[in-house]
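Protein chains in written order, with our numbering: chain A, 1 to 229; chain B, 1 to 249; chain C, 1 to 230.
Just so you know, these hints were derived from the structure itself, not from any lab.
All C-beta atoms, glycine included, are put in the ideal place defined by N, C-alpha and C.
Errors might be hidden in some of the hints.
What the hints assert, rightly or not - A short, non-exhaustive set of chain A residues, derived as facing chain C with CB atoms under 10 Å:
hint : residue
1    : Met167
2    : Thr170
3    : Pro195
4    : Ile208
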Amino acid sequence: MLDYLTSGWGLQFLRAIGTSLTVAALSFVFCILIGILCTLLSRNDFRGSASLVNLYTYVFRSLPDILLLILIFYSLDGAIQSLLNRLPGSSDIRLNAYVPAIMSTSIVLGAYATELFKAGWADIPKGQFEAGQALGFTRVQSLVLVILPQVYRKIIPHLGSLSLISMKETALLSVIGIPDIVRTASIGARSTGSPFVFYGIAIAIFVIFAILCSRVFAYLESRARAGAQ
Amino acid sequence: MTEGSPAPAIEISSMSKWFGPFQVLDDIDLKVMPGERIVVCGPSGSGKSTMIRCINGLEPFQKGRIAVHGQELIQKARTLDAVRKNVGMVFQQFNLFPHLTVLDNCTLAQRWVHKVPRAAAEKIAMAQLEKVRIPEQSRKYPSQLSGGQQQRVAIARSLCLRPKVMLFDEPTSSLDPEMVREVLDTMADLARDGMTIICVTHEMGFARGIADRIVFMDQGKVVEEAPPAEFFDKPREARTRKFLDQVVR
Amino acid sequence: MTVLLGYLHEILQGLTTTLSLFLISLVIGFVAATIVAAFQIRFPGVLAGAVWSLMFCIRGVPLLLILYVVYYGFPLLPFIRETALWTVFASPYWCAIICLAFVEMAFTSEIIRGAYYQTPKEQVEAARSLGLSSFQTFRVAILPAMLRNGFPPYTTEVILLCKSTALAFTITVMDIMGYANEIRARTLDIYQPLLIAGAIYICTVVVTRLILSSLFNMIAVGGAETADQK
Ligand SMILES: Nc1ncnc2c1ncn2[C@@H]1O[C@H](COP(=O)(O)OP(=O)(O)OP(=O)(O)O)[C@@H](O)[C@H]1O
Ligand SMILES: [Mg+2]
């Protein structure tokens, strides 16, 4: 196993980890933003905006992630290729595969995040909003200083599983040819003829991430618990 | 309330409010002078909470006008902010921010709304916490305090913004009996310092002790308005008498 | 329109595969999860801790990776290639079912465990104090509460499983996703086949939700009734 890692595969895996972590982190951030935005929309007075949000969460919690990824990948790919043909100078086309990957993961996870934030939000007593108003906070201040910190405290454990899911979702990138952890492992498995070493490394990476993730969020939860209950 | 008296702190004139088809407030008129202490009482559902919530713009109203220190209340973000800077509000459920320490509860609005630097905000907060007699709890979280202590923090939190008027909506109603006293004492201190106060409460002893005037509401109307002695001893209206019979025993 | 109907017809060929992947792995996964969870609850200790850790690790690994390991890796193992197991692992369909059930077991066992430990202690004690045996206590006090607590997260899990079956096409299983992707590759028409497949998946989920929620209502109401009678 060490032979493989020193003979270039180690570097490949490091790169793959970087790729997966980057995509996972970006998708996580975007899905949180989508979650907050959709929650605000669904609590809006505008008629229809709440049902629109419901439709969004329903559809994307029902649609297979891989289907959405392939749909976005090939349709964006077509659009980008034709755009690139028109633009002078060559860009790295491989880079563009990340856009649909992050998009589709964010959209899918955003649906889960929306459900999460909506549930957390609903638990916050009306008095908290009113106290914020009475103290003279603007809407944005009230949101950032009063409401979101409380929602965050309520949903930390779920944010933990959401971050784990966003990491696992990066496995799908291998289907559209991005050299993520899974793709690197399968290429290695095929080209060296020792699949269990390579798949084993990939599994180990995900397991280590899962352990780290659960540790970090357990710590965050205990810190939030320390005072506010 | 003679001609030529100074400008009123709060002036409500022919204000009405509806929740859908249901009229909650019916042609309310009320004038409160600076430093005056008003107690509002009345049966449940008579619109007491709704009226004082209108005064700092937590509820919109449909007819009439409200002015706070000359500033008219219009449902526009900017004027609302201006009015709220002058008006502090204390709720029945305290509504402290559970994720912040007592001290941070008291400094948050100062720092973000009034842009007071942190150190100065903390100094003001500690001074107010001393006034409500719980400076030693400043590092604790609300959940670690008793109800009475929480309500006193809520009062301190409002006072930190140096309001000219304080509104109280049944501040002692969700407290255990043994904690009512400490909150009422804090409010009495405030009254002695000359704060303009409007307080909805069922504590008739408190009303008799500190109020300059008692406003009795029923079914969305101000039924009677009189100094405590007159109000308790020779109420004019039959409805007031009936209410007093039920409350004071 | 005729093109669309043609696609629909072709993609629907994968429906039985998708549904059977879904249902068979659901049942196997549930049975395995019940055994795993019961073991952890009944024999707490080091071994249960080890089982829990194993389940935790499985939950952390993407299904796609597990599919690759089983489909591309296992055939290289002599004890699989040279025994009767080969008939199973040579078929991508059964590989997919094994993987789906495996992952489903890891998630469902945790849901069952969670539901068990959420059951209020007082109810169990009350049942015990009435002189019920431990099996009767389980039936009367614990099981109804577990069903009520566990059903909502289990619904979510079942729907995730339904979605996950779409990954089977990556190991050449011709399910709905497989047919849709084949049409896409063959005709270069991206939207129509994939959107049709998406619609079919959404319909499947809608029906699944309906079935599960009516099942839940039946159980929840029934549970409340038995609780009242006691
Ligand atoms: N948001 C609302 N929508 C509809 N009706 C409301 C709303 N808030 C209050 N009401 C109604 O308005 C009336 C007055 O309510 P309000 O809370 O002002 O009464 P109150 O005098 O404070 O009573 P209490 O002593 O119980 O607090 C009640 O009949 C109540 O049902
Ligand atoms: Mg009230």
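Results for each hint:
A least Cβ separation of about 8 Å between A/Met167 and chain C falls short of the 10 Å threshold, and the interface hint therefore holds. Taking 10 Å as the C-beta cut-off, the interface hint given for A/Thr170 holds, the closest approach to chain C being about 8 Å. Among the interface hints, the one on A/Pro195 holds; its C-beta lies about 4 Å from the nearest C-beta in chain C, closer than the 10 Å criterion. Given hint, A/Ile208 at the interface with chain C, holds; its Cβ is 9 Å from that chain's nearest Cβ, closer than 10 Å.
Against the hints set out earlier in the document, no violation occurs for any number.
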